[in-house]
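Given chain A, put chain B in place with the hints provided.
Residue numbers (the numbering used here), protein chains in the order written: chain A, 1 to 108; chain B, 1001 to 1120.
Hints may be right or wrong, so weigh each one.
[Claimed, not checked] Subject to a maximum C-alpha distance of 16 Å in a straight line, what follows is the list of computed EDC-like cross-link-like pairs (lysine to aspartate or glutamate):
no.	chain 1	residue 1	chain 2	residue 2
1	A	K73	A	E54
2	A	K100	B	E1044
3	B	K1057	B	E1044
4	B	K1057	A	E94
5	B	K1057	B	E1078
6	B	K1011	B	E1083
Treat the hints as calculated values from the structure; they're not laboratory data.
All values reported here derive from a predicted model rather than from experimental measurement.
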Amino acid sequence: AQRVTQPEKLLSVFKGAPVELKCNYSYSGSPELFWYVQYSRQRLQLLLRHISRESIKGFTADLNKGETSFHLKKPFAQEEDSAMYYCAFQGGSEKLVFGKGTKLTVNP
Amino acid sequence: DTGVSQNPRHKITKRGQNVTFRCDPISEHNRLYWYRQTLGQGPEFLTYFQNEAQLEKSRLLSDRFSAERPKGSFSTLEIQRTEQGDSAMYLCASSSTVFKGYDANTGELFFGEGSRLTVL
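So that you can see chain A by itself, here it is in the shape it has in the complex (with noise of 0.2 Å):
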């Protein structure tokens, strides 16, 4: 079955550290991967895809097919990341997966 994991339901820094936000998929073929963010009263929306290859906001995420994951990363977070992140998979149909989410802390 298409499966997205999000292992941390949790994860909290602080200002101007690293940040890694892990998700694994399970699907045999050729997925298309995104990160999706809700920050505190506003809607769901797209942060980045792995077809673009872009960095959004100094977030970059690598499709790695070997190990079967979509790892979300910045450098140096900031306050403003404080958010809910959401990794989504599509693969085989045109719905999107969506995993159960990571709450990102960024303490001052």
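The following block gives chain B in isolation, referenced to the frame of chain A:
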């Protein structure tokens, strides 16, 4: 265009009642999705439409749930004979498979603010 709009934002109902939610997508988007989210969980796929055609439904979706998109614009999600387990946030999202005249499904979903259902 203010983005994806959902109504009502909050609904409290008694068990056994029927409820209906409406979603107005971004006007040029041909795809519309319904998701459900409960506390501590990520959005769970329910169904999606391309124009007026309902192309996929979750196997988890009970027969009490029905969704329509009659003219390929707005959509409604009806839950009949509500149960306490139906209490959740119901999210609508839209997307486009066309960009500047080309088939370019970017996979980006634009979400509404959600309709929160509480079943007493």
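Inset, instruction - Take the C-alpha atoms of K100 of chain A and E1044 of chain B, compute the straight-line distance between them, and say whether it is at most 16 Å. - result: Holds, at about 9 Å.
Inset, instruction - Mind checking the alpha carbons of K1057 of chain B and E1044 of chain B for me, to see if they're no more than 16 Å apart? - result: 12 Å, holds
Inset, instruction - Mind checking the alpha carbons of K1057 of chain B and E1078 of chain B for me, to see if they're no more than 16 Å apart? - result: Distance of about 14 Å is within 16 Å: holds.
Inset, instruction - Below or equal to 16 Å on CA atoms is what counts here, so check K1057 of chain B against E94 of chain A. - result: Distance ~11 Å between K1057 of chain B and E94 of chain A Cα, so the pair holds.
Legend entry - 16 Å limit on alpha-carbon distance, applied to hinted pair K1011 of chain B and E1083 of chain B: 14 Å, holds
Legend entry - Restraint check for K73 of chain A with E54 of chain A, where alpha carbons must lie at most 16 Å apart: Answer holds: K73 of chain A to E54 of chain A is near 12 Å, not above 16 Å.
Checked against the numbered hints above, the structure breaks none of them.
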